[in-house]
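Construct the entire structure; sequences and hints are all you get.
Residue numbers (this note's numbering): 2 to 478.
Think of the hints as simulated: they come from the structure by calculation, not from any bench. Incorrect hints may have been included.
What the hints assert, rightly or not - Cut-off 27 Å, straight-line C-alpha distance, at most; resulting in silico cross-link-like pairs (BS3-like, lysine-lysine): (1) 327 with 254; (2) 47 with 97; (3) 385 with 274; (4) 106 with 132; (5) 274 with 327; (6) 47 with 125; (7) 56 with 125; (8) 125 with 106; (9) 56 with 106; (10) 56 with 97; (11) 47 with 274; (12) 254 with 274.
What the hints assert, rightly or not - Computed spacing ranges between beta-carbons, pair by pair: (13) 442 with 119: 52 to 62 Å; (14) 286 with 172: 46 to 56 Å; (15) 226 with 364: 25 to 35 Å; (16) 81 with 400: 22 to 32 Å.
A virtual CB, placed ideally from N, CA and C, is assigned to each residue, including glycine.
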Amino acid sequence: MDFSHSELPAETASLDFSQFSDDAIINTDSSTYDSHPSAITLADGKTCVAWTAFKASRDQILLRFIAANGTPGPLQTVSQEGDVHGHPTVVSLNEKDLWVIWSAKRPEGWRVLGRLCRSGVWQKTVSISGKQYQAIHPTAIRVSRHVMMVAWSGLQQSRFRIQTRYLQGIRWLSPRTESDTEGNAFRPTLALNRDSSLWLAWDQYEQNHYRVVGRNLSAGQGPIESISPPDMHCLQPTLLYTEQGLYAAWLQKQDVLGGPGVVSQWHTLHVAKRSDDGWHPIADAEGNPVAAELTQGLMAQIEPQPVATSGYLGRRTMPMLLADEKGIWLLWERKTDHRGSTAQPRGDLVGRQILQDQLQPAVVLVQGKVDYHLAHPAQISDGKFAALASNVYPGGRRLYHRLVCDLNQQTPFQQGEWRGWRPAELPIQAELTERRQIQAGEKTYQLFWADMHCHNNLSSDAEGEPDELNYYARDRA
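Next comes the structure, spelled out in structure tokens:
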């Protein structure tokens, strides 16, 4: 599909925060456990927020409009059936049409669903992934006033593939596979430029490594390009177009040892920019391409003495990109106190500006809340930007706030040293034991033992994604 004559995307619209309240509570009357919000700022100043709400062993997708002055609208239920729902994404196509996209577990498997709110009236839920069962990790983007793209990871012939599907007016085009036949592909992300250049990126696991790749979809399917470096473990990408070009950020993991039987992972964030000859890493003035070391509140200290950490109800490993007139910001979240409380955590929103394709020193932008999310469009206007964050109260209740964050209120950032950990390639060959096997009919199965679980959003960012447990951990057992 050629978008050379499509209208400018909503993400390029200028925002005026002068009439916005600095802090508006989104779910003050909620009786559910709320998490994973998605927000978009509309042309009339309202913020539309959708989130996952859990109560009595059942998920729902809820939605609310917040006026610029902070006045909340009525609470609306988006999901119509089912008990298990994934994270929503909100997309506003025009002044009448607003979509919510999410994944849900149906009796036949996981599907990607969507529901349209047209002129304030909710339409029937549609299955976007169609007969594609086990469809997960959906995301979506507005292409023009009447065109939307949805992308997801779907299981095809025992492998996960990235698929996309266009909504054109009232017609859904056929799904299209975007990833290649190698490995398993997860976590798609989309970006659209003011000249209607459309890019898709994702991470895929192949040959025992995760890597981030992408392709240009502006006029068909461009070649798949490597975004992250080879032979590393890179995943969770995000894309953003700015006036300076197309940027990608991702999480990189390194297995590390802290002593006999002590295994952990070292998490870092990285950024690259697209040019005519491919993707190039962004570094600081000393040439260091590591944009952030995610150690505080995420992994234990072992020298000079062991200092443990605990759970956290935020997103300590998720990169976020924020555009401004001068360049772009990389944002991330960290636990304020490495030894801070699990039940009543506090977190920092940290950022590094990229000027003239060089990383600037990190600063703390916001403090005191957890689970920070950028509202779309992710851009700075007159030194301010919109974000969501929550407070956590006894009894598992979370209140989410729409914040107007001011760059002029930044505070210094300090990075502690985590000594004693050393990189390792797992499994350690000298420690491997004979793999037990069983025969079932004509098939031979290798036996593994693992405690395969994670703790919802209490510490899931430290434990990894489900596919990391199924593939990455399996290959290192």
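Hints, verified against the model:
1. 327 with 254: Roughly 30 Å separates the two Cα atoms, so the pair is violated.
2. 47 with 97: OK: residue 47 and residue 97 at ~14 Å, within 27 Å.
3. 385 with 274: 24 Å, holds
4. 106 with 132: OK: residue 106 and residue 132 at ~13 Å, within 27 Å.
5. 274 with 327: 15 Å, holds
6. 47 with 125: Measuring from Cα to Cα gives roughly 24 Å; hence the hint holds.
7. 56 with 125: Holds. Residue 56 to residue 125 sits at ~24 Å (cutoff 27 Å).
8. 125 with 106: This hinted pair holds, its Cα atoms lying about 17 Å apart.
9. 56 with 106: It holds: about 17 Å lies between the C-alpha atoms, which stays within 27 Å.
10. 56 with 97: At roughly 31 Å apart (the allowed maximum being 27 Å), residue 97 and residue 56 break the hint.
11. 47 with 274: 32 Å, violated
12. 254 with 274: 20 Å, holds
13. 442 with 119: 52 to 62 Å: 53 Å, holds
14. 286 with 172: 46 to 56 Å: 51 Å, holds
15. 226 with 364: 25 to 35 Å: Holds, at about 32 Å.
16. 81 with 400: 22 to 32 Å: 26 Å, holds
Consistency with the previously given hints fails for numbers 1, 10 and 11, ordered from lowest to highest.
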